[in-house]
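Student: Chain by chain, the residues run as shown.
Number of protein chains: 2
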Amino acid sequence: GSAGAASQPGLASCTALFCRPAFLQLTPEELRRADDHTGRAVQSPRDGRRRLPWSTGYAEVINAGKSQHNEDQACCEVVFVERRPSPRGRQPSGDGSGEKGFYFHYWALFDGHAGSGAAVMASKRLHLHICEQLRDLVDILQDPSPPPICLQHDARAGAAELSRAPLTEDNGEVPSDALPRFHLEKAVSHESLVIGAIENAFKHMDDQIEQERASQSISGGCCALAAVYLMGKFYVANAGDSRAIIIRNGEIIPMSREFTPETERQRLQFLAFLRPELLGKEFTHLEFPRRIQPKELGKKMLYRDQNMNGWAYKKIEEDDLKFPLIYGEGKKARVMATIGVTRGLGDHDLKVFSSNIHIKPFLSCFPEVRVYDLTQYEHCPDDVLVLGTDGLWDVTNDEEVASVVMEVLTSYEPNDPCRYTMVAQELVVRSRGVLKERGWRLPNDRLGSGDDISVFVIPLGGPGNYT
Amino acid sequence: GSAGAASQPGLASCTALFCRPAFLQLTPEELRRADDHTGRAVQSPRDGRRRLPWSTGYAEVINAGKSQHNEDQACCEVVFVERRPSPRGRQPSGDGSGEKGFYFHYWALFDGHAGSGAAVMASKRLHLHICEQLRDLVDILQDPSPPPICLQHDARAGAAELSRAPLTEDNGEVPSDALPRFHLEKAVSHESLVIGAIENAFKHMDDQIEQERASQSISGGCCALAAVYLMGKFYVANAGDSRAIIIRNGEIIPMSREFTPETERQRLQFLAFLRPELLGKEFTHLEFPRRIQPKELGKKMLYRDQNMNGWAYKKIEEDDLKFPLIYGEGKKARVMATIGVTRGLGDHDLKVFSSNIHIKPFLSCFPEVRVYDLTQYEHCPDDVLVLGTDGLWDVTNDEEVASVVMEVLTSYEPNDPCRYTMVAQELVVRSRGVLKERGWRLPNDRLGSGDDISVFVIPLGGPGNYT
Numbered sequence: 001g002s003a004g005a006a007s008q009p010g011l012a013s014c015t016a017l018f019c020r021p022a023f024l025q026l027t028p029e030e031l032r033r034a035d036d037h038t039g040r041a042v043q044s045p046r047d048g049r050r051r052l053p054w055s056t057g058y059a060e061v062i063n064a065g066k067s068q069h070n071e072d073q074a075c076c077e078v079v080f081v082e083r084r085p086s087p088r089g090r091q092p093s094g095d096g097s098g099e100k101g102f103y104f105h106y107w108a109l110f111d112g113h114a115g116s117g118a119a120v121m122a123s124k125r126l127h128l129h130i131c132e133q134l135r136d137l138v139d140i141l142q143d144p145s146p147p148p149i150c151l152q153h154d155a156r157a158g159a160a161e162l163s164r165a166p167l168t169e170d171n172g173e174v175p176s177d178a179l180p181r182f183h184l185e186k187a188v189s190h191e192s193l194v195i196g197a198i199e200n201a202f203k204h205m206d207d208q209i210e211q212e213r214a215s216q217s218i219s220g221g222c223c224a225l226a227a228v229y230l231m232g233k234f235y236v237a238n239a240g241d242s243r244a245i246i247i248r249n250g251e252i253i254p255m256s257r258e259f260t261p262e263t264e265r266q267r268l269q270f271l272a273f274l275r276p277e278l279l280g281k282e283f284t285h286l287e288f289p290r291r292i293q294p295k296e297l298g299k300k301m302l303y304r305d306q307n308m309n310g311w312a313y314k315k316i317e318e319d320d321l322k323f324p325l326i327y328g329e330g331k332k333a334r335v336m337a338t339i340g341v342t343r344g345l346g347d348h349d350l351k352v353f354s355s356n357i358h359i360k361p362f363l364s365c366f367p368e369v370r371v372y373d374l375t376q377y378e379h380c381p382d383d384v385l386v387l388g389t390d391g392l393w394d395v396t397n398d399e400e401v402a403s404v405v406m407e408v409l410t411s412y413e414p415n416d417p418c419r420y421t422m423v424a425q426e427l428v429v430r431s432r433g434v435l436k437e438r439g440w441r442l443p444n445d446r447l448g449s450g451d452d453i454s455v456f457v458i459p460l461g462g463p464g465n466y467t
Numbered sequence: 001g002s003a004g005a006a007s008q009p010g011l012a013s014c015t016a017l018f019c020r021p022a023f024l025q026l027t028p029e030e031l032r033r034a035d036d037h038t039g040r041a042v043q044s045p046r047d048g049r050r051r052l053p054w055s056t057g058y059a060e061v062i063n064a065g066k067s068q069h070n071e072d073q074a075c076c077e078v079v080f081v082e083r084r085p086s087p088r089g090r091q092p093s094g095d096g097s098g099e100k101g102f103y104f105h106y107w108a109l110f111d112g113h114a115g116s117g118a119a120v121m122a123s124k125r126l127h128l129h130i131c132e133q134l135r136d137l138v139d140i141l142q143d144p145s146p147p148p149i150c151l152q153h154d155a156r157a158g159a160a161e162l163s164r165a166p167l168t169e170d171n172g173e174v175p176s177d178a179l180p181r182f183h184l185e186k187a188v189s190h191e192s193l194v195i196g197a198i199e200n201a202f203k204h205m206d207d208q209i210e211q212e213r214a215s216q217s218i219s220g221g222c223c224a225l226a227a228v229y230l231m232g233k234f235y236v237a238n239a240g241d242s243r244a245i246i247i248r249n250g251e252i253i254p255m256s257r258e259f260t261p262e263t264e265r266q267r268l269q270f271l272a273f274l275r276p277e278l279l280g281k282e283f284t285h286l287e288f289p290r291r292i293q294p295k296e297l298g299k300k301m302l303y304r305d306q307n308m309n310g311w312a313y314k315k316i317e318e319d320d321l322k323f324p325l326i327y328g329e330g331k332k333a334r335v336m337a338t339i340g341v342t343r344g345l346g347d348h349d350l351k352v353f354s355s356n357i358h359i360k361p362f363l364s365c366f367p368e369v370r371v372y373d374l375t376q377y378e379h380c381p382d383d384v385l386v387l388g389t390d391g392l393w394d395v396t397n398d399e400e401v402a403s404v405v406m407e408v409l410t411s412y413e414p415n416d417p418c419r420y421t422m423v424a425q426e427l428v429v430r431s432r433g434v435l436k437e438r439g440w441r442l443p444n445d446r447l448g449s450g451d452d453i454s455v456f457v458i459p460l461g462g463p464g465n466y467t
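Top line first, the protein sequences correspond to chains X and B. With full-length UniProt numbering applied, the first sequence covers 1 to 467. With full-length UniProt numbering applied, the second sequence covers 1 to 467.
For reference, chain X alone in the conformation it holds in the complex:
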């Protein structure tokens, strides 16, 4: 992961349909070693040359035959955000320190489905879109005073020139810091500008996939989980069913929640209720605990609609015989019998099997962003942020991950830079299991994860300790 200035994400090209993260380009010798007889060797960066920022640990393993290639993709970068040049060539006013920009650290996992195209493209571009969104904020984020509500100059001038002049009248006699608040004005924090920048970066990423999917033959979609470290805070953005947790002094702090047909049922039902044409006369927005048979017409059946969390009985009508918009339970829950995640990037061409009904209107590309302030707590080298795709979490819960983290870390010296990689590998191995006669098995003989598994283990012991 090397520093890369990112100014024109739209100009970069992406042709490879399958590729590994830059930090995982193994030599032929390494690949031979990695290629064990099962075909599911756990891979991690192996030498100092490819050490990741902050000694981050990373490991991955391919699925047990579901697809030829790993549909998970990963990215880890340090990105410089350069202030956008003012078109008028002026320097910023106010107490701008003259800094040209700032760095952010970035880790992301992309879990592809129906092909790896969207995941590969997002892994190469999402950080550039985040950079692009932050470029307008370089001066604002470096200025300790509250962000301006309105930028006084026209849009093309960007954010370089700010003004806190009175809005009611251009009255030169009123000092700007003594202005009475005639207008009710909501305070907006620097933090919420970064959140907005990341949210819009996901949207731009999704738009770019839409625009280039034909020319670049990008197939499928992907869940996206990204962690951005900027000015003392972690911003964890999640769109899909990957998960991030912080383990601090043995305590688990959830840093994301999953977006699935079950967790987003009411949003989807609400949309379908308001826009029934999106259901193409094939689906009903109501949920039922199972399919209804035509001969059950007139009987009473359990249901719930967009307003309900509980269940009630209703008399079965003709319309209820349609397939439910949300159907199935747990990992088998699907939107329109097709897709098991409700947020992510791509999927612009996804349709219900043998129909012309589009799924994309029900999917959101927007992440939920959670913030963790690193400066509010003194962290030790055993405190980590763990990012994992669902291949990890399907078989290993938060508590098990925390106990593996603590177990492995205590067996290495606190200053050993390999210790986080060892944790990542152990997490992947324990979730994959070992190959026995009856498939991949965990120590307790339960089935291991047959999915792609990717894990980042990011130490929180302070960037100063590791950069």
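Read the hints as simulated data drawn from the structure, not as lab findings. Mixed in with the good hints, there may be bad ones.
Stated by the list, open to error - Using 20 Å as the maximum straight-line C-alpha spacing, the simulated EDC-like pairs for lysine to aspartate or glutamate come out as follows: (1) Lys360(B) <-> Glu262(B); (2) Lys295(B) <-> Glu318(B); (3) Lys186(X) <-> Asp320(B); (4) Lys203(B) <-> Glu258(B); (5) Lys186(B) <-> Glu296(X); (6) Lys295(X) <-> Glu318(X); (7) Lys295(B) <-> Glu317(B); (8) Lys314(X) <-> Glu185(B); (9) Lys186(X) <-> Glu329(B); (10) Lys299(X) <-> Glu185(B); (11) Lys281(B) <-> Asp320(B); (12) Lys233(B) <-> Glu251(B); (13) Lys186(X) <-> Asp143(X); (14) Lys186(X) <-> Glu262(B); (15) Lys186(B) <-> Asp320(X); (16) Lys314(B) <-> Glu185(X); (17) Lys314(X) <-> Glu191(B); (18) Lys331(B) <-> Glu185(X); (19) Lys331(X) <-> Glu185(B); (20) Lys322(X) <-> Glu185(B); (21) Lys186(B) <-> Glu262(X); (22) Lys314(X) <-> Asp207(B); (23) Lys203(X) <-> Asp305(B); (24) Lys315(X) <-> Asp305(X); (25) Lys315(X) <-> Glu185(B); (26) Lys332(B) <-> Glu185(X); (27) Lys186(B) <-> Asp305(X); (28) Lys66(X) <-> Glu437(X); (29) Lys315(B) <-> Glu296(B); (30) Lys100(X) <-> Glu82(X); (31) Lys322(B) <-> Glu185(X); (32) Lys351(X) <-> Glu277(X); (33) Lys299(X) <-> Glu318(X); (34) Lys186(X) <-> Glu296(B).
Chain B: place on chain X using the hints.
Tutor: This is chain B only, laid out in the frame that chain X set:
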């Protein structure tokens, strides 16, 4: 609060536009005592005759002049849910124990606005609607086996006659408990049926207010917070900005969340985005931190839409000069500059001032229901469920309420039935403050609540201790 069978809520009448809860009908002598010189005496039931179930504590105080009458209403009842008679006159099949029904305990607060009509009506009827919804479930809830997904007999027969016969074929040879699950079938718990019953009861209550508002001259709307104790569990249903917390062994367990323009911003923006006609060309679905002036057209301003939690800059366009759907902060936040809560009952005629734009489509009458299982923990007499209208919570936070609860309870014997009333009174007094030259003041000289304040303090020490 006396037990009352409730079979025909639609037949009861409601003519009084202002009334106190039945358990607060004070004698003229009591009223004279209560009527202190400020006009804001705290009122509680005072004698054994009016003792509430479980020795529940209750206290209330009227607002500081906002309205002539208390717009808060309260209700506390023990309701018998009688099985609906089978229209065919048959007895229920299966292991029905022959019980005719069951009781539930019920406490509720209704915080009215723009008149007390909706609050008064809801305080007299909501429990009857809950009873009505539960009547179909009498046998199902008393049967320990999972609720049937489908009721085999026609809708008019109600739930009295259940069948767990196979759905694929009427194959008499297969015993019903050995059926293979050919169909993917979601398990539905008894608990979720009660939640669904309460949710639908709120909807029916709202429909009844709509239907009778003209003939009964019911004005305004109300927030509703109801606690139902049924078969060992508390179901706390909240629609609005009242709040419920449990204090157990000094620990605070939130039992509700508030529904306000700020907490429900994205739902409302989503609706307005999908149904822009509801905004009547006067409002924009975007949120801005303040009003935009026409001369700011073309400049960049902070905004957020239905997908965003953070803020970003956008170039101001003509459409952005409209008033924002959600505007203001904290207690001043409003939907279409009109209403500060987004869930509740009533408000069917509410319109934007001097316009024909209806607010009701943006309001939801559905509560969020949270469940607390009393049997999962051994409760002591100091463990309580506190219900309060926003008059309480605006000036007294969860921690302060918890410390008042503990402080007052320790100064009374654990078996003193008055102790919960003393807590309720103390909570109300501390939130109201005392009248000084500069208005109602708290001990720390901050302004007390000028709003109506109503509080229930319900002991969790087990119904066996108190009934």
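Student: Each of the hints needs a verdict: does it hold here or not?
Tutor: For each hint, the structure was consulted:
1. Lys360(B) <-> Glu262(B): 17 Å, holds
2. Lys295(B) <-> Glu318(B): 11 Å, holds
3. Lys186(X) <-> Asp320(B): 17 Å, holds
4. Lys203(B) <-> Glu258(B): 18 Å, holds
5. Lys186(B) <-> Glu296(X): 18 Å, holds
6. Lys295(X) <-> Glu318(X): Holds. Lys295(X) to Glu318(X) sits at ~11 Å (cutoff 20 Å).
7. Lys295(B) <-> Glu317(B): 11 Å, holds
8. Lys314(X) <-> Glu185(B): 17 Å, holds
9. Lys186(X) <-> Glu329(B): Holds. Lys186(X) to Glu329(B) sits at ~7 Å (cutoff 20 Å).
10. Lys299(X) <-> Glu185(B): Satisfied, since the Cα-Cα distance of roughly 17 Å is no more than 20 Å.
11. Lys281(B) <-> Asp320(B): 11 Å, holds
12. Lys233(B) <-> Glu251(B): Holds, at about 19 Å.
13. Lys186(X) <-> Asp143(X): 18 Å, holds
14. Lys186(X) <-> Glu262(B): 12 Å, holds
15. Lys186(B) <-> Asp320(X): It holds: about 17 Å lies between the C-alpha atoms, which stays within 20 Å.
16. Lys314(B) <-> Glu185(X): 17 Å, holds
17. Lys314(X) <-> Glu191(B): Since the Cα atoms of Lys314(X) and Glu191(B) sit roughly 18 Å apart, the hinted pair holds (cutoff 20 Å).
18. Lys331(B) <-> Glu185(X): Satisfied, since the Cα-Cα distance of roughly 14 Å is no more than 20 Å.
19. Lys331(X) <-> Glu185(B): Holds. Lys331(X) to Glu185(B) sits at ~14 Å (cutoff 20 Å).
20. Lys322(X) <-> Glu185(B): 16 Å, holds
21. Lys186(B) <-> Glu262(X): Holds, because 12 Å separates the two Cα atoms, which is no more than 20 Å.
22. Lys314(X) <-> Asp207(B): 18 Å, holds
23. Lys203(X) <-> Asp305(B): Satisfied, since the Cα-Cα distance of roughly 13 Å is no more than 20 Å.
24. Lys315(X) <-> Asp305(X): Roughly 14 Å between the alpha carbons, so the hint for Lys315(X) and Asp305(X) holds.
25. Lys315(X) <-> Glu185(B): Holds, at roughly 18 Å.
26. Lys332(B) <-> Glu185(X): 12 Å, holds
27. Lys186(B) <-> Asp305(X): 15 Å, holds
28. Lys66(X) <-> Glu437(X): 19 Å, holds
29. Lys315(B) <-> Glu296(B): 10 Å, holds
30. Lys100(X) <-> Glu82(X): The hint holds at about 6 Å.
31. Lys322(B) <-> Glu185(X): 16 Å, holds
32. Lys351(X) <-> Glu277(X): 15 Å, holds
33. Lys299(X) <-> Glu318(X): Holds: Lys299(X) and Glu318(X) sit about 11 Å apart, inside 20 Å.
34. Lys186(X) <-> Glu296(B): Answer holds: Lys186(X) to Glu296(B) is near 18 Å, not above 20 Å.
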